[in-house]
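Numbering (our numbering), first residue to last: 16 to 570.
Since the hints were derived computationally from the structure, they do not count as laboratory data.
Any given hint might turn out to be false.
What follows is a list of derived Cβ distance ranges for each label pair [what the hints assert, rightly or not]: (1) S149 with L56: 48 to 56 Å; (2) L60 with G528: 46 to 54 Å; (3) D62 with F460: 51 to 59 Å; (4) E26 with G568: 42 to 50 Å.
Owing to the predicted nature of the structure, the values given are computational and were not obtained by experimental measurement.
We put the CB at the ideal spot given by N, CA and C, even for glycine.
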Amino acid sequence: MSVSEQVAALEQAGRCVSQVRVNVQQALKNLQSFSMVNGKLDSDLLDKHQLSCYELAFCAAELAASDAVCRYAADAVTEDELAASTALAFSSEAVSSVIQRLIARAGDMGLDIAELSGLYADSDIRELRSVYGSGEFLASVGATVSERGSTRLPTLLNEDKEMVRDMFARFGADVVAPLAEQIHREDLDIPDEILQQAAELGCFGISIPERFGGLQPDDRDDSLGMIVVTEELSKASLGGAGSLITRPEIAAKALLQGGTQAQQETWLPRIASGETLCAIAITEPNYGSDVASLGLKATPVEGGWVLNGSKTWCTFAGKASLLVTMARTEPDPALGHKGLSLFLVEKPATPGHRFDHRQPGGGTISGKAIATLGYRGMHSYDVFFEDYFVPADHLIGEEAGRGKGFYFTMAGFAGGRIQTAARATGVMQAAFEKALGYSRERKVFGSAVGDYQLTRVKLGRMMATLSASRQFSYSVARMMDEGAGQMEASLVKLFTCRAAEWVTREAMQIHGGMGYAEESAVSRYFVDARVLSIFEGAEETLALKVIARNLVGNA
């Protein structure tokens with residue numbers, strides 16, 4: 016296609032997305048009317064429509080991803096025709112997927128099935144699906160990628176971002192990737208050689224302003240830089256490097272939001288340099304994403320606080336010497352999240368799968384790593400506090416921060432979600448590259464696996480999904496750098512994490528029996544990808560409590 020033809024096709028895809036979005040908006044308005052009491056959205060009534068809310072959250076995410084990848088392709092069209100092809104392939108499948116979701120739940124959403132079915136007859140949608148959703152077109156995309164032997168499209172990043180991406184890509188390939196399989200199979204700690212070199216590159220200071228020794232400009236956020244680095248680290252190994260930035264990012268955001276000047280000046284340089292490795296202790300055994308109900312008790316005593324209770328899924332708690340810990344400082348349970356405060360809890364850094372530390376005054380903190388399918392290297396722990404003393408100046412914000420811990424973590428949570436989207440993209444990239452290489456080398460029935468139409472279709476769809484995930488992440492990162500994008504961070508996590516499960520599954524399938532063997536890296540990518548829809552906000556919680564509630568409330 017000529018450039019003008021590609022631009023026209025992308026505009027057509029945009030019209031199709033807009034037309035389908037009208038029906039999604041109508042469904043949201045209907046749910047709003049079903050759930051209103053005295054002019055206000057009633058949570059209990061909305062919860063009676065959880066399945067519809069769940070499906071509409073995915074509809075919104077798929078359409079937003081289509082918007083992002085088409086905008087990117089319009090900018091990249093003069094550099095690489097494949098950018099437009101992948102965007103059109105993705106948009107065709109996204110439009111079809113959303114229509115199918117709406118038809119399946121039409122009665123629950125108050126929509127008319129006949130009107131929805133009529134979308135298939137719309138000339139733009141019909142052409143988008145018949146041309147760019149056809150097996151022939153999808154196979155052509157896969158064939159082009161296979162012939163190139165490369166999965167990369169123009170990044171359209173500026174020179175500084177491209178330089179940073181290249182630097183961390185080399186670090187991932189040269190230092191992390193050679194150790195990734197051993198870390199996974201033997202369930203090892205992240206080796207010090209990775210941690211030390213990551214610190215030298217400034218990895219732990221990505222989200223910390225330059226005035227505190229970090230890499231982030233003092234006058235603005237740089238979410239885009241953070242996810243560019245995260246993607247390259249995750250491509251090398253999710254458990255061995257991909258999550259190294261997450262905990263410092265959440266800790267830094269909390270300190271910048273609510274910490275005293277003294278706390279910022281004390282802790283941020285240590286975190287940025289890698290001198291202090293940190294973990295985040297939020298989740299509890301009976302409360303995962305329901306942060307407002309947390310119950311770890313903080314009792315005031317002379318000179319500080321005493322913590323009693325437990326946390327779970329506290330990633331990197333062993334080697335970390337600082338746990339950013341959410342605890343209930345106000346005993347009245349009716350206060351909910353307003354009774355929570357955030358503490359900087361120090362402990363000795365301890366390698367291995369267990370730790371146990373006793374303070375001179377008798378308080379103890381102990382932890383045991385949770386055995387997991389994947390995401391090995393950082394280890395997630397059950398952590399137990401028994402009369403563990405924390406000094407008063409380790410309460411973030413000190414007395415002024417009491418009861419505000421939930422709010423201090425909100426910016427970090429949003430950053431953690433978009434970063435998880437980048438982690439998902441990195442894992443997808445690694446899996447796709449392995450699948451592409453194997454499909455070109457492995458012969459079945461006398462031909463390379465990649466010569467068959469079905470394999471080429473798989474590769475084309477994987478490429479389209481990967482491109483949409485990356486550009487959706489970039490788009491939301493830019494929004495966040497402009498002070499917006501909090502809800503969109505949940506949308507992009509919802510979409511990319513589910514996409515990563517599918518892409519890694521297809522990569523494993525292309526490998527056949529070898530994909531199921533532990534000696535094959537794609538088996539690691541598959542089990543690593545499975546955690547992405549669970550942590551940093553479970554898929555269901557994001558869809559129901561964050562995305563759908565926001566969309567319905569603003570319909």
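* Ascending list of hint numbers which this structure does not respect -> 1 and 4
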